[in-house]
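Trainee: Chain by chain, the residues run as shown.
Protein chains: 2
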Amino acid sequence: MTETMTDFRPFIRDVPDFPSPGILFRDVTPLLAAPDAFLAAVKAMAEPFRRLRPDKVLGIEARGFLFGAALARELHVGIVPARKPGKLPRMTESVAYGLEYGKDRLEVHSDAFGRGERVLIVDDVLATGGTARAAIDLAEKLGAEVLGVSVFIELGALGGRSKLGARQAHAVLML
Amino acid sequence: MTETMTDFRPFIRDVPDFPSPGILFRDVTPLLAAPDAFLAAVKAMAEPFRRLRPDKVLGIEARGFLFGAALARELHVGIVPARKPGKLPRMTESVAYGLEYGKDRLEVHSDAFGRGERVLIVDDVLATGGTARAAIDLAEKLGAEVLGVSVFIELGALGGRSKLGARQAHAVLML
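Protein chains in written order, with the numbering used here: chain A, 4 to 178; chain B, 4 to 178.
Bear in mind the hints are in silico, worked out from the structure with no lab data behind them. Keep in mind it's a predicted model, so treat the numbers as computed, not measured. Treat each hint with caution, since some may be false.
What the hints assert, rightly or not - Here are the simulated lysine-lysine pairs, DSS-like style, with alpha carbons at most 25 Å apart:
hint, chain 1, residue 1, chain 2, residue 2
1, A, Lys87, B, Lys106
2, A, Lys90, B, Lys90
3, B, Lys87, A, Lys87
4, A, Lys106, B, Lys87
5, A, Lys106, A, Lys166
6, B, Lys87, B, Lys106
7, B, Lys144, B, Lys90
8, A, Lys46, B, Lys46
9, A, Lys166, A, Lys87
10, A, Lys90, B, Lys87
11, B, Lys90, B, Lys106
12, A, Lys87, B, Lys90
13, B, Lys144, A, Lys90
Chain A with its partners taken away, still in its complex shape (with noise of 0.2 Å):
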């Protein structure tokens, strides 16, 4: 280990009650604002799929967005983003899920992968579980690999890392 390892937690802000009571909320604006914090994050993110060799990263919508482009960059794939309904203008495939605090549907295009493209699911939180499991379902609709999951942060006491069977899941940081 050459690396200096970046002590995170300074860069997330906690926030009881949002979005709801009894929701303690992981806000990650102070590390996107930190370049030098983010980078390391996302390098950290990327490091256990580089020799996977992903084709592509899916990012979830919308903080996975942040880091999901970060990450392909690094990773020097391209990004396919994981929607909420109706904001992708062309044919899509859709999974339902149900969030910690509510229930949603995912949408990617149809032709966001070829069969047997190698993809890397990125958001900023693992919390349930559902989303990441849905976006996990949405690319195996479509062929494709999933090789696992990046998260900046994992809330373990939600335990979902256990709706992502045998895939490989990934978080820089533990709360």
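Starting from the known structure of chain A, arrange chain B on it as the hints suggest.
Mentor: Chain B alone, transformed into the frame defined by chain A:
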């Protein structure tokens, strides 16, 4: 000019009548999926602003997050997300604006910018200029100095540039 010019037009798909009848939507997902072209686009978006030394990029939800995060990395600065209402967990400033198709509101955290910080606003498309204008107003409300607006595509016929005052507006592609 030593750089080879990329022809970006093949990386945009025109989708008629989206999101509503009469709107010709410019779909940039093919660009996002092509890492060399996306990187070339991001470098072209950054170019006129390098010498102005921005402190931060303000990326507009949601496609502006994809371009903004890549641009922030290119310029080695932080990225501040300008979000739809209710998404940011802490105290916010907000500005209402009229979109080409609808009406909406843009928010940033109240502490997103220090007084006098130099901000570059980033989005995928400059259309009527309503969103870009709201982003300018938001940044200025917080005491930041807006250096300009950088977009991948400008829809020239919609006249959005006229809403930006004397600020530098830069588009890689005029459609």
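Trainee: Now tell me if each hint is right for this structure.
Mentor: Structure-based check of each hint:
1. Lys87(A) with Lys106(B): holds (18 Å)
2. Lys90(A) with Lys90(B): holds (17 Å)
3. Lys87(B) with Lys87(A): Holds - the C-alpha atoms of Lys87(A) and Lys87(B) are around 13 Å apart, at most 25 Å.
4. Lys106(A) with Lys87(B): holds (18 Å)
5. Lys106(A) with Lys166(A): holds (16 Å)
6. Lys87(B) with Lys106(B): With a Cα-Cα distance of about 11 Å, the restraint between Lys87(B) and Lys106(B) holds, given a limit of 25 Å.
7. Lys144(B) with Lys90(B): holds (19 Å)
8. Lys46(A) with Lys46(B): holds (20 Å)
9. Lys166(A) with Lys87(A): holds (21 Å)
10. Lys90(A) with Lys87(B): holds (14 Å)
11. Lys90(B) with Lys106(B): holds (17 Å)
12. Lys87(A) with Lys90(B): With a Cα-Cα distance of about 14 Å, the restraint between Lys87(A) and Lys90(B) holds, given a limit of 25 Å.
13. Lys144(B) with Lys90(A): violated (30 Å)
In this structure, only the earlier hint numbered 13 is contradicted, and the remaining ones agree with it.
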